[in-house]
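2 protein chains.
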Amino acid sequence: MNDASLILVTRPVQLAADRPAEQDGFVVADPHSSQLRVLDLGATRGDGIFETVSVTGGHAHALEPHLARFAYSAKLLDLPQPDLDVWRNAVAAAIANHPPVPEMFVKLVLTRGIEGGDIPTAWVYGEQSGDFSAARTEGIRVVTLDRGYRHDVAKTSPWLLQGAKTLSYAVNRSAIREAKRRGADDVVFVSSDGFLLEGPSSTLVLRNGNRIRTPKTDQGILAGTTQASAFEFFEAEGFETSFEMIALEELAAADAAWLLSSVRQAAPVRSADGLDLAVDADLTGRLNDHLLSSPN
Amino acid sequence: MNDASLILVTRPVQLAADRPAEQDGFVVADPHSSQLRVLDLGATRGDGIFETVSVTGGHAHALEPHLARFAYSAKLLDLPQPDLDVWRNAVAAAIANHPPVPEMFVKLVLTRGIEGGDIPTAWVYGEQSGDFSAARTEGIRVVTLDRGYRHDVAKTSPWLLQGAKTLSYAVNRSAIREAKRRGADDVVFVSSDGFLLEGPSSTLVLRNGNRIRTPKTDQGILAGTTQASAFEFFEAEGFETSFEMIALEELAAADAAWLLSSVRQAAPVRSADGLDLAVDADLTGRLNDHLLSSPN
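Chains as they are written, first to last, in our numbering: chain C, 1 to 296; chain F, 1001 to 1296.
These are calculated hints, taken from the structure and not from any lab test.
We treat Cβ as the ideally placed atom computed from N, Cα and C, and that holds for glycine.
Mixed in with the good hints there might be a few duds.
What follows is a set of in silico ranges between Cβ atoms, one per label pair, in the way DEER data are often shown [unchecked claim]:
| id | chain 1 | residue 1 | chain 2 | residue 2 | range |
| --- | --- | --- | --- | --- | --- |
| 1 | F | Ala1134 | C | Ala247 | 49 to 57 Å |
| 2 | F | Lys1216 | C | Asp3 | 46 to 54 Å |
| 3 | C | Asn210 | F | Lys1216 | 50 to 58 Å |
| 4 | F | Gly1116 | C | Ala252 | 56 to 64 Å |
| 5 | C | Gly194 | F | Ala1278 | 40 to 48 Å |
| 6 | F | Gly1183 | C | Thr137 | 43 to 51 Å |
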């Protein structure tokens, strides 16, 4: 069994004024035993939220943007606002409780708890990351799949939770299986009205000449934490960056494309729906060096 | 804490030929302890399926249709086909292990298990049902909410898993919260192109004169097990029944409407988007008597 670290967060909600301040708000748990009841709404309804943070050399990347997005997801799901000081400390404890490794990830999860119980369940889990060197250098093959929603669905139908990072990810995993059936590695979702959106667990970034673009986040997609760090890199390199509505057809027409995510980092797209895209090995290598060493 | 019964299904996949036939395929567990690991894909990705079966007088209603739908959901999610003999026996054990009560429910759950482990997690949980007498007699207020998908999305985009009963129900629960914010009790989802679909955990049935209609199930909605039993009742009463595409506007224009589900049974709709609908107390009462006593 892999090494792993598990922190059960015992104070996922805001501190009541009468709670003693010296409590850390979490306990260290055994990652290889059972911790959840079958009645937990995380397990029975996918009713909760998560974030995955990349850690290199003991440093959690983009932790504050991840925590901010975690709090935003909690708001969209009407969950209690997480006490970010407790979560920050729990992430540090998950890192400290794991044997040192070059790359690990820490996952933060908050569920609505046992049905009727009104007490969220919360944990932080740490584990060594897989080896993504092939995806980072040779690139990935993607297929575009219809997500079924119009690009403006987050505005018209907020109850659909588009833009929240929820535990209800069965469709995201189903889409990956569909990609494998089509001989590809990953997916770029497209709105029902033809706009590029995001991957099931990644952000799309396109390069056309000196322009770097990512789909506008008001289309029911997540604001990418890795994409934000990548934009810093591209801007320092002299590229122009922007958030735009991007039509499906522009993927195959791009000079280069990447899917960005916290653990795999920048994976260059080497084919889209069977059409080859150029992989810029030098630019991608420097981008990944930036992402893996960035203080953000 | 409520009485409850929990059966951990240890053989959720088809029996290998060399496995001894005398194994029951399940063990009785303590429902009040922890059984799941935080790495279970049911808890981290809502990646699994479920069914909820109503039990009165020790009899599991519509068990075979529930098991058939469970197997269908497994297929849509590329999960191993459940060994229905084992599940049938586990349901019987959950009933036998629960103190006798007038109405209880049994929930069947199959998750994809621990990531990378390739062994599904499976359980059957039994508990006394809540008191739904007010919903069954006085009725419920519903609002219609856009589900965001076209009516034909299950055909065009099967990776969206519409028509599968998955654990990724965060949107269904979010929709219920939206209904409460609007002063209602429940939801009728509508396709983005204006057709009535289903409730977050129920089937819609409309009456117009002698005609009883429910939305066609090829619109990415579940085939209702309680609706099937209700149609037997209506046909015996001399009504004509059919599955149809039904426009949003027809809900308010119906002579009567019900949301049907396994545990609450038939809840008459007393208002839709704030417009009153007539509740036929006599017909609804006889329908619920049928559903609660039916051998199916």
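Results for each hint:
no. : hint                               : in the structure
1   : F:Ala1134 <-> C:Ala247: 49 to 57 Å : holds, 51 Å
2   : F:Lys1216 <-> C:Asp3: 46 to 54 Å   : holds, 52 Å
3   : C:Asn210 <-> F:Lys1216: 50 to 58 Å : holds, 52 Å
4   : F:Gly1116 <-> C:Ala252: 56 to 64 Å : violated, 33 Å
5   : C:Gly194 <-> F:Ala1278: 40 to 48 Å : holds, 44 Å
6   : F:Gly1183 <-> C:Thr137: 43 to 51 Å : violated, 56 Å
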